[in-house]
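Enquirer: Line by line, the protein sequences are chains L and U. In this text, residue positions in the first sequence follow the numbering used here: the first is 19, and each later residue adds one. In this text, residue positions in the second sequence follow the numbering used here: the first is 4, and each later residue adds one.
Treat the hints as calculated values from the structure; they're not laboratory data. Backbone N, C-alpha and C fix where the C-beta goes; we use that ideal spot for every residue, glycine too. Some clues are possibly wrong.
[To be verified] On the chain U side, residues computed to face chain L include the following (Cβ under 7 Å):
#	residue
1	540
2	613
3	784
4	788
[Stated by the list, open to error] Derived pair list, reagent style BS3-like, types lysine-lysine, alpha-carbon separation capped at 25 Å:
#	chain 1	residue 1	chain 2	residue 2
5	L	53	L	132
6	L	132	U	624
7	U	627	L	262
[Claimed, not checked] Label-pair ranges, simulated between beta-carbon atoms:
#	chain 1	residue 1	chain 2	residue 2	range
8	U	791	L	31	56 to 64 Å
9	U	267	L	137	53 to 61 Å
10	L	192	U	687	38 to 46 Å
11	L	201	U	621	38 to 46 Å
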Amino acid sequence: MKNQAGQVLLIVILLSTVLLTVGLSLIDITALDNKVTKIQEDASKARAAAEAGIEAALNDVSAESIDIGQILADSTISGTTTIELIEENAFTTPIISKDGQFTFYLTGYNPQTKTITAGTVDDDMTIERVLPTSAGYCSGDQAFAVEVTFISASTGVVGRYMIDECPLIEGSTDEYAFGAIIPTSSISPEPNVMIMRVIAPSNDFDGARLRITNSTEGAQWPAQGRTIIATAQAGASNVTKKIKLFQSFPQFPAEFFVTSN
Amino acid sequence: MKGIVLCFISLTFLFLLSSIPVQAQSCTSTVCYKDGCGPDGNTQYEYTQRTCTGAPGPLGACAYSLQSGAYRAYRTYTTLNQNTPLGWGCGAGQCGDPAGFGVEDSCSGGNPLEGGECAGGFPRAGGCPAGQYCQGCDMYAGECCNFVPGACQVVLGCSGGSPTPTPTPQPSCTLSCPGTEVSESEFNNATGGAGGGLGQRNTPSEKGVVAGASSSRLLAQGVGGGLPGTTTTQYYLGESVLSGNITFLGESGFTCQEFVDGILYQGPCPSPTLITPTPPGGGGGGAIGGVTTVRDSFDAGSFFLKLLSNLSFFKPIRDVLGLSTSQTLVQGVGGGEESGSLSTWQHPVTYEYLDGSNTKVYTALASSGEIIGGIDDPKSNSQSCSCKVGLSCPLSVTDINDPGSIVEGCDDQYCDFSVDPSRPQAGIPAQFTLMNNNGFRNFTIDYGDGQTESYPNAESPLIVPHIYANAGAGQQISLTCSNPGGNIKTCVRRATIYCDNTDPYNLPTPTLSPTPSPSPSPTPGPWLKLKDTSFTIRSSINNVVPAGATQYDDTSDTGVCRVNEPTNYACFSSGETGSAIVKSDAVDFGAGLSQRDWLRKDANYVINTLLTPSSFISYVKARKDYATITSLTQDQIQSNMIHLLQPDPPIVIITDDTVPDAIPAGAGAVIIIDGDLVIDLASSDTFNAANKAIAFVINGTLEISSQVTELNGIFIANDVNYAFDAAATSNPLKINGNISLSQSPTQQCNDVRQRIDPLKPSCFFTFDFVNQYVPVIDLLSTRTYDWSELTP
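This is chain U alone, in the form it adopts within the complex:
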């Protein structure tokens, strides 16, 4: 008796609550529920509790959950986003099919997302026959608790508290991609900015996918039967490369038959691993009591999953549900069980290519049926789940020409290539220099983007252009070199194609040290690098080596900066480096000086110059055989000879390789110029490309054109101008041989040579003893004498 009284009080209380609309707009025709508050196209009601206890409205009426726990009733087609807040499909004052939902969404289209005549449980164009409905009221406790998806039907028992036939748990699935899980709006905001993003991809049916997704399906499970398993989509974001597993979770016997990973794979789903039968859910039908939460049900499942496979399903599923951990979703209203099985599998995947601008969206999909027209085809199947991955532009610093990019082979004696720029940009031509030797003259290059070119019997080096349409990381560029004998050499390098390579380096912004040092952090800028040499400078030097520095090039910048760190290029002096003597008490070489770090920084150190170009002229005249010449023409240059040129006016201009061309291979020559030497090449950026042994002793200034990027030889001068025709240039400068000045320099190389890429040295001086010094050892040298008289 007491229980009856309590029940009566409870029912009365609930009745009173349910009759209070939170928000009521104009309701021109009521087609709703017992409470008389049905939507008629542009009217919506929100209820604080489940109050719609009467029979469902004849058409379109339904209710979905708000996160607040209240419910909102609205008409068909309105759900663009089941994640709250709910949206309206109808515009103000409109009735009928909402804008944007055209013929495709009609009931008759067999739309897997809409469920045939009764799309998503609601009638579409044409509607249902008289007396039939496709509406379910599953979430209205005690009312209209039955639902049969996909067909018009006579509304089944929706009388209050009447148990309904046991529903069959609907198969469903969840697909999780690698990356950071985000909401759809976050995903769209993050990826839709450039190139259209998802905004263009969302066909109405896709919206339907989202609309009919998670909540309805999972709510249906929660109430013991629920809506048909349509498609659910989860969203993930990553950077330029995203590796991991696509994880599948099938529930209630979902049979996964088709799978695409969004890249290459499309075929049968991987073999599932049966996890465990799901615990019973639902609730025992009927009355308001018997509270069972979906969350509780899934907790159990997640627990097993975590134990068995270390997968994190609980949170994604809960997020899809839009639940907080304390939220009770439904009461057991329809009876039945949530039973079936859970299965899972994983598919390893790496997403790494972009679509040429800023983003790339991949969609993976698992379905129970045939994927007819691809993952974007709404007719493909009726039950599926998918996940979307959005990538952003590469920011990491990867240089194709670095040795570290080599995946296979790449021996310049047989088969190798380089790329300029070494960080190609999508949409911008890149120059590929294909190199081989020893008769491997047939080139075939696979650019890694699906394009392949062949160049039979080609000269080496062969320069070919290529444009990458897509940015991304991880392209493997493969060059195959073969000779007539059928021998094959292969060079494979891994490349990153950038969206924008003008500032891909992500260098940390220099900041002032807050405490206590007043001096600012050194500012990375153009910098000079040495190899295999000792260094002196008669002034201070500003040469901050940036962290993460890369090679000047991959052919000559091969010396180590640190022992056992062959790919660390961040140092001022590499290889078999000697000491550095700097006339300054404070010098900062940034990321590193050298592997030995021999340094004398001393503002009082005066470099003792025993032999200047001028005194060498005197020495030669006194002690050496030499030839006096009047110009640097081929007929005046002799091999293995010292040449003395005293021009009037005291300036000589070199425009080509006439001088080195006059020197036979293996021989050498010394050119003494009593004046300035100007190197201003007419048709090349490299002086002495053949690397003949030639030493210039310049009793004046060495003037170098800004267009010259490489000098081969030994250059001894009083002073040097590294770009006489420009205040500064982005052209780098490499001197292979040596350069040495007899006085404090007017400028330093990196003052005027300022490469765009701050990670690469702007100037690179290498000490080439073998090719440059050995052939002129007798010419570019002095003797010491020790005299004594044995008999007085």
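The following block holds chain L by itself, in its conformation from the complex:
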């Protein structure tokens, strides 16, 4: 009889142990879930706060820095938005669609005064094809040409070149190849703006990215837009979110720029 009682006790102890273990595990899992949920919540808050910082920067063309916590009036959120005008030796355009164009400011653009920066540029430059990447791009739907227009803010259009490697355009006057040196010093009066328009016959053209490099050693292109970086932290978890947005300076749509009868 005693032996039976001992066995029961052992079983009870084992069961209790198992139950305790399971219970404790359940408790721990619940606590972790709560913690993750909190972090996720804070992360969302942080992302939203960063986006708010971006939006605030977009709406304030003169701001160089924005306190995100201040604009949200939420003590659990902190962060900063910085706005930079980054000068680079080489600039890569966003994707330019078929029949679209990109306005490149050779002497710069002042977002505060909303004017083209006066000045001169006489640096050599190259325009390279970043996208499409295929060397055989001319053989298919990705064939395209680029019409390059140089404009002076005081005298108007002062020069045009055509990059037409495929070729797609009749006429070969003033043609360049991708990567060839284009001497802006040969353009008179000196231009302030360069507009690159993509001409692509195929409706399946995926778009082009172009890299404009200043070939003059040590020379930089002026900023082509505002680089906005928003960093925000939210909640006790102190989750940080960092978002970067490049907003170009004004772009004349090709539909508003090219004469169409």
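Let chain L serve as the given structure and place chain U on it in line with the hints.
Expert: Chain U alone, transformed into the frame defined by chain L:
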């Protein structure tokens, strides 16, 4: 003995020949010659040979050469034209002075052309005293070989074969004008059609000039003495402008003292250049033998002339003589020599003005005596030669407003002018727009036709009318602008005044290519021109640029069409032109596309429209600051602002410059209209004359009145009607700024804008970045965004 026999046979033969009249009409009284065949007023005889070997008739009888070599005898006054066929001065059945020869032509008038009492060698009214004659028979071999001009006289030795006193070679001259030499009849036919021409100018005495001209004089030389040197006229034809030299040839010691060139110069003759003594001519008098030809004599002279001065006298002189190269003119009958000297000079001249209709006749004259009453005065002198030039209407295409017309100055900052029409027509008012700046407010304009006007302290631009009485090429119009400080600027343009400017362009008629292409040549018609822009069109385009195209105007159409050809305006796109993308496999831009000729013609090319007026409205609402307005009134327009107007019904009408007037200089505005925009100006043909920066984004159709000829601004629309109130108009249209459509156009500008002048573009679109785009760069633009999350 043998010679005597031969001579006898020859004389007998000639006698027989001479006695056979070719044509004989009723001869009621014979006053003629040995052959008994003299004219009596209305009778004429023609002889196959020189048969009139008897004494000359007492009055009026004479003989002149026919080209055939025969001779025609006739009475006085009959020669209206010494170029064959000869004409009669007397009407049928009439005797005496012929009709049309009145008192002026009487012997007593001292008519230089008629030679006093014995006009042209014949007695005139009153005649000669009894026993005296003024008749010579110089061309009747062996008879009546003497002639003393200008006086009644006893007939001198005219007996057969008798040598006559040696005559004195008579001075004479020839004047040659620039142009194509023609006969008098050709000249009259060519120039006399309009405005009277020479038909009215030919006074009887002038007819006498012609009558007594070349042949008689030169024949006289040929026979060794001859008739007095009267006047000879040569005739030349040219186009609207004729430049060259008037060439003078004096013979036998002709002393040229007075000269008029028919334009401005009247004064002493230019200094002559002695060429060479003339070779002896004539022949040794007497008998029929001793043949000497005038032609031979002049050949020698011409040879020297050609060598020495590269002048072409031989042919004109021979033509005046009416000779063929093989024709023997006379035999040496009167003895004497044709001696003396040849002299020549040249006078540069340009004939370029017409008399307002179709022709203009200039007369140049060189004379040995005083020109009393001008070149048309028969009393002016007794020895002279002249030439006449007839011009026709200008046909060349010359535009006063073209830069190429500028002779001097013409800087619109100080002093310039334009003319409307730019090809003025004689007799039709032309509007002169006089322009100056910088205080040069005193205008003086010389219209180039002798009329001058002054406008002190005038406002610029000043529009003044002027009528040119005369058509012609080469008028120099001079505008002088001065300021109170005495500084003077001058603008001189060369103009052509047309007889008729409705179709002065002389465009070649389009013709079908005979082989092998079946397609016809493109037909020039109204055409569109661009400047400084790229071009796309979502359809084909009919835009044939004519060869020889001219500017739309001289203020904005200044871009080059071809490198190094600054005055070539024949292209579709000028200046810093970009590419043209046309949705067609076949397009013909005629004389030229552009200096770069960048073209993509592709029927499959679908222009990708990323941003339409409609989507721009959405973009603005999402991303831009803008103002919603309810009308285009001055109080609602703000500078440097995007305006959104959503009218109900969806149409807005602009009748004046209220909108641009509300925009300060240097600022800009964007007007978005969710509907149609109608531009129908009430009192102007120009919208936004001040060229304020204004961009219309029209989510509808841009409707333009046919009376509007100029729009300044950027016009973005779905469609456009370039003349909503007319099927077509001759009013051109210039859009300074830009125009761009988001869909295939219902019509093209040159479908409805059809300028009369086909050489000028009917539509002219210029890309104005500086004035129109720069001020609205932040308003009429989008942004691109490149987003990335650096910390996930």
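Enquirer: Holds or violated: is there a CB of chain L closer than 7 Å to the CB of residue 613(U)?
Expert: 6 Å, holds
Enquirer: Just to be careful, I want the Cα atoms of residue 627(U) and residue 262(L) compared with a cutoff of 25 Å; is the pair within it?
Expert: 21 Å, holds
Enquirer: Could you grab the alpha-carbon distance between residue 132(L) and residue 624(U) and see if it respects the 25 Å cut-off?
Expert: Roughly 20 Å between the alpha carbons, so the hint for residue 132(L) and residue 624(U) holds.
Enquirer: Given the hint of 38 to 46 Å, check if residue 192(L) and residue 687(U) actually sit that far apart at their C-beta atoms.
Expert: 40 Å, holds
Enquirer: Using 7 Å as the Cβ threshold, decide whether residue 540(U) counts as touching chain L.
Expert: 5 Å, holds
Enquirer: Holds or violated: the hint that residue 784(U) contacts chain L, with Cβ atoms closer than 7 Å.
Expert: 4 Å, holds
Enquirer: Is the gap between the beta carbons of residue 201(L) and residue 621(U) within 38 to 46 Å?
Expert: Once the Cβ atoms are compared, 42 Å apart, the range 38 to 46 Å for residue 621(U) and residue 201(L) holds.
Enquirer: Does the alpha-carbon distance linking residue 53(L) and residue 132(L) stay inside the 25 Å limit?
Expert: The given pair, whose Cα atoms are some 48 Å apart, is violated under the 25 Å limit.
Enquirer: Confirm or reject the claim that residue 791(U) and residue 31(L) have a C-beta distance inside 56 to 64 Å.
Expert: About 59 Å separates the Cβ atoms of residue 791(U) and residue 31(L), which means 56 to 64 Å holds.
Enquirer: Is the interface hint for residue 788(U) satisfied, with its Cβ closer than 7 Å to some Cβ of chain L?
Expert: Given a least distance of 6 Å, the restraint on residue 788(U) holds.
Enquirer: So does residue 267(U) sit 53 to 61 Å from residue 137(L), Cβ to Cβ?
Expert: 60 Å, holds
The structure is inconsistent with hint 5 alone, although it conforms to all the rest.
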